[in-house]
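S.K.: Sequence:
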Amino acid sequence: MARLCSVLSEVDRLLPKGADLRAQVQVPPSALGLEGGVWVRVPRELPGGGLRHRRVEVPGEPGDRLLLHLPDGLPDGAILRLGARGAAAEGERPGDLLVKVEVREGALDGTWIGAASAPLVPGRVNALVWAAVALGLALLGVALWAGR
Numbered sequence: 196m197a198r199l200c201s202v203l204s205e206v207d208r209l210l211p212k213g214a215d216l217r218a219q220v221q222v223p224p225s226a227l228g229l230e231g232g233v234w235v236r237v238p239r240e241l242p243g244g245g246l247r248h249r250r251v252e253v254p255g256e257p258g259d260r261l262l263l264h265l266p267d268g269l270p271d272g273a274i275l276r277l278g279a280r281g282a283a284a285e286g287e288r289p290g291d292l293l294v295k296v297e298v299r300e301g302a303l304d305g306t307w308i309g310a311a312s313a314p315l316v317p318g319r320v321n322a323l324v325w326a327a328v329a330l331g332l333a334l335l336g337v338a339l340w341a342g343r
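Each number in my numbering comes from the position in the sequence shown (counting from 1) with 195 added on.
Watch out, some of these pointers could steer you wrong.
Okay, the calculated beta carbon distance ranges per label pair [unchecked claim]:
#1 Leu210 x Asp267: 35 to 45 Å
#2 Gly286 x Ser225: 10 to 20 Å
#3 Pro224 x Glu285: 34 to 44 Å
#4 Ala284 x Glu230: 20 to 30 Å
#5 Glu252 x Lys212: 30 to 40 Å
#6 Glu240 x Gly278: 15 to 25 Å
Hints in this document: simulated from the structure, not taken from any laboratory. Each residue gets a CB set at the ideal place from its N, CA and C atoms; glycine is no exception.
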């Protein structure tokens, strides 16, 4: 059996750890177990250690949104620990981002559910389909444009 190891090098372990940050999100029960996950709003700056810190962002994620993959049966109030997604300053390794998930009916208000784009007619027409929830209404949009 292969032995598990840490992704942090011994040098990284010697660096001080940045602040752990905490966020709270609400999702509906239907968001649990979605294969593609669910986008939730998490501010870029969060309190931690008595100060406000900018959280570590992953390339490709919209700045104030975070993609969470929530398993079926996740209990209301569960806290997810996203390693190395908290605060980091020069000479520190990132802290963790602790996300408390509240499972509530109708909780996606203001949440970006997802988007996909693809060539409708290759080389000629492209399409973007998106979905979001705002003011209690489910929104679906389609954009078409010419070109590559």
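S.K.: For a quick check of understanding: which of the numbered hints are violated here, in increasing order?
M.R.: Result: hints 2, 4, 5 break, sorted rising.
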